[in-house]
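Chemist: If you want the building blocks of each chain, they are given just below.
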Amino acid sequence: MIVARRLLLVLMAVATAAPLALFGLGLRGAPIENRWATPPPKLEPGRLFDPEFYNHIEDYGLDVMPMHAELVEADATADIGLWRESPNPDVGLGADGWLFLVKSWQDGCAPAAEASLVTERLVAVVRVLEASGRDTVLTVAPNKATAYPDYLGPLAEQAACLEPVRARTQAELALAGSDYIDLFAVVAEERDRVRTGSLYYADDSHWKPTLTMTAASRLVDHFDPGLWNPMAVEASGETRTGDLTNLIGRPDPTTHERLAIDRTGPDPRRLDANDQFGPNDWQSGTTDPVLEGQTLVLHDSFLAPAEPWLAAYLERSRFVDWTRVDELVAEDEVWLVDQLADADRVILQLVERNLLGRYAMVEQYPLAVTPEALVVALRDDLAPYRRPVGLAFSSGDGLGDGGRNGVSIMEPMAHGTTYIIVDGVAHAVTEPMAVSARAEIYDIPGSG
Amino acid sequence: MVFSSISFLFLFMPVAVVGYLVADRLGVGLGLRWLRNLVLLGFSVLFYTWGSGPLVGLLAVSIVVDYFAAVVVDRGRRGERAVLVRLGLAMSIMVNVGLLAYFKYANFAVAEATRAVTAIGLEPPTWMHDWVAVTLPIGISFYTFQSMSYTIDVAQGRVRRLRNPLDFALYVTLFPQLIAGPIVRFHEISEQLGDRRTTIDQAASGATRFAHGLIKKVVVADTVAVMADAAFGADPGSLSMTAAWLGVLAYTVQIYFDFSGYSDMAIGLGMVFGFRFPENFRRPYSALSVTDFWRRWHITLSNWFRDYVYIPLGGNRVASGRTYANLVAVFVITGIWHGASWTFVIWGLYHGVLLLAERLTGQRPLDGTGRSGVERAGRRLGVLIAVMVGWVLFRSPDLGHAVDYLAAMTGAGSGQVDVHPGMTPSLTDAVPLTLRQAVALAVGLGSMLLPPSVVIGPWLSESTTVPRPISLAATGATATAFAYSLLVVISGQFSPFLYFQF
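Chains A and B supply the protein sequences, listed in that same order. For the first sequence, the tail end lands on 448 under the working numbering, and the numbers increase by one without skipping. For the second sequence, the tail end lands on 502 under the working numbering, and the numbers increase by one without skipping.
Isolated chain A (complex conformation) (with noise of 0.2 Å):
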């Protein structure tokens, strides 16, 4: 027994100073959690019996930490393997080793605020910008696990809940009519038609690059049918790690297909310096068609691969990714509206899993987005619906004077809604009410 201890005793030496040393041989680890990496703890004598001084050394210990990233990988095996259970409670484990957020379906099954209260808000909000003159279009791409719910496997009685919201979503996003692309009918003919691989990765949350340039397609020809024309499409191999296997500790780099486009003259030059998630300028400099003035594209990651591709058709375009409007609206409450008023043309695009989720930009920050600020900042643009002032009432229940003396009743306009500017503030008009003669009232149209 004392020798064995005594072996034991080495074992648990080596295991627990090796980092350590290996750390003083110069062997660093590399950061594995996708974020900047901490910087080294500077030794000030003023810090000491600071908390925070040490919380920084583990920080900076751990992102350098020798073997971090293997000890990681090794737990996660173990869980996989010996428990059968996800490292990571927000990835689920599928069928044929595909992973899935499952988020996806949490959020939506469970959202901060009625699902039907955001997609109704974005519905009018694109009604708004139509009625405005800029050319919308709102679109939504389907969840993963929505796509192939073949591959859920064990998971798929957890996320049958998103079913019914997920139904009643689609069908409220289709009052939007035209300005609405639906990719959960797209993406399902291209599965359909596409018989062998996936269009969704296994091992990440998104789509392939097909799918995204499928939807950019779409996007084009919406406002121009028959203007996606590339003359040429490029595919190479592309080294790629799936997110999902970084958040379990297994990152996997996998070959997958890269694809580009080619169009005549330059490619589009991009104006800016800003990482991925904006707000990112870009120049066309094709001698091909492009769609005219300035274009504002609102993503989330499912688009964002295809920014160089739509910059080729968008003479100016302004790619923002919904986190950092969320940024930008902290900072500057009408960030976004401004930006709308600017542009010529909108797209909108949401994962179905942020527009059901919390972090739907339109429900933590509601006020930038909400087509009451629209109608507001955008006022001049919709004169042809202001309603008339004289026309604007009707007196047959007595309690107004039918506007000769200042007050009426106003109704609501029936397919579409009404809104009323009153000291600067919109407000949507439900029901008849007494209002001013000089009230500012805008019917905006159902649907475009």
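Calculated from the structure, these hints are not laboratory results. You may find that some hints are simply not true.
[Claimed, not checked] Short, incomplete list of chain A residues facing chain B, as computed with Cβ under 7 Å:
#1 Ile2
#2 Arg5
#3 Arg6
#4 Met12
#5 Val14
#6 Thr16
#7 Ala17
#8 Pro19
#9 Asn34
#10 Pro51
#11 Val64
#12 Met67
#13 Leu71
#14 Asp75
#15 Glu85
#16 Asn246
Yeah, the Cβ is synthetic: ideal placement off N, Cα and C, and Gly gets one too.
With chain A's structure known, arrange chain B on it following the hints.
Modeler: Showing chain B alone in chain A's frame:
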């Protein structure tokens, strides 16, 4: 800093052990025997500062006060001046209990006072409104008790006062047992402060014990904690009887494996530094009576209260009524010591009443001698259930919740848990039960079923008579489980983001 953290296991511990061993050898070679204590004191202060920052100042206050209180007490004893002894004791008790009262109980007291004032229809005074919550210093319950024990031991004549303040500072701050015990009374360790030796076999035994503790904490306690958290986090009215029992069973396993695991790690580390700390647990769930339970559960705390509170109050030497009152009072104080909440008060009272009932009925066997297997099993089960009922009080956030939870254990709950949409309802709806949790729970329950005489940890880490096959198998299992525990600790701090975070 906790033992089951990356920073402790892979940074602090290796550096501290190597630093200590170097200082120990250097001290021997250069004739500087104090060097190792100085180095260990330095690491202990760093250990506390790492997690508590400027609150290390309170630790220093406790040390300074008790060092000088003992000087006063010692003079009093040598000069036979009882007033000095009393003065020194008063200094120690007032400062330490005062620190404890303010930092641990002030928030609770103010909240209760505010509630009472409001309840009788008065407006709470401004200072109650403006009360800024006091931060609880880590380990204050432990180090104040240790610090006081020194002065009391000197006053009781058990030990001589220490001449070297560094040795006393080391006794109070000694990092293996600083923040979660065992509570080492001064007379139990006084000689080791100046005279101890670390041998390779002692270090090996300590390392083995440490490994067992880490495994108990990480592999068992933290795993079943998910079940306990789910059960106690749910609305008790919605729990089924099965879920309620599963939850409290999980907590019963969790609290024992967590606390005893931490004690194992402390004892093991102490051995590496040449110390022999007292045992803190001895198969408590095998107890045949509640009295027996308290001789097996958190033994060092029980001993502290026995020696420094119960016996000075008169112990068993006073009239029966007074003894019983003392007994219940000590357990109410024990409850309060665990936390500032009515649940802890009632938990202490509950155990006090159980002990009282056992005394009054004469039903408090401490071993199974002369009793049938059926009786022993029945007693063990009965005590276990009584203890589990106590854990409901201990774990619940408030008394109302505890009452509702206990009702759910009798089947009063609806069993209609509002499971988060999108989550797979588990076997019992509220309480998850994965393969990992089932195994951890089985290990925990299995340990409860072993005969009371089997105390695996100390046996495997110190015995020299373990048969070779068992020895090799146990070492292999310990090494594997320890390595796995390290992986769990490392991955426990792995928190990746789906998208890049700024």
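Chemist: Against the earlier hints, flag every one the structure doesn't satisfy and list their numbers going up.
Modeler: 5, 11 and 12
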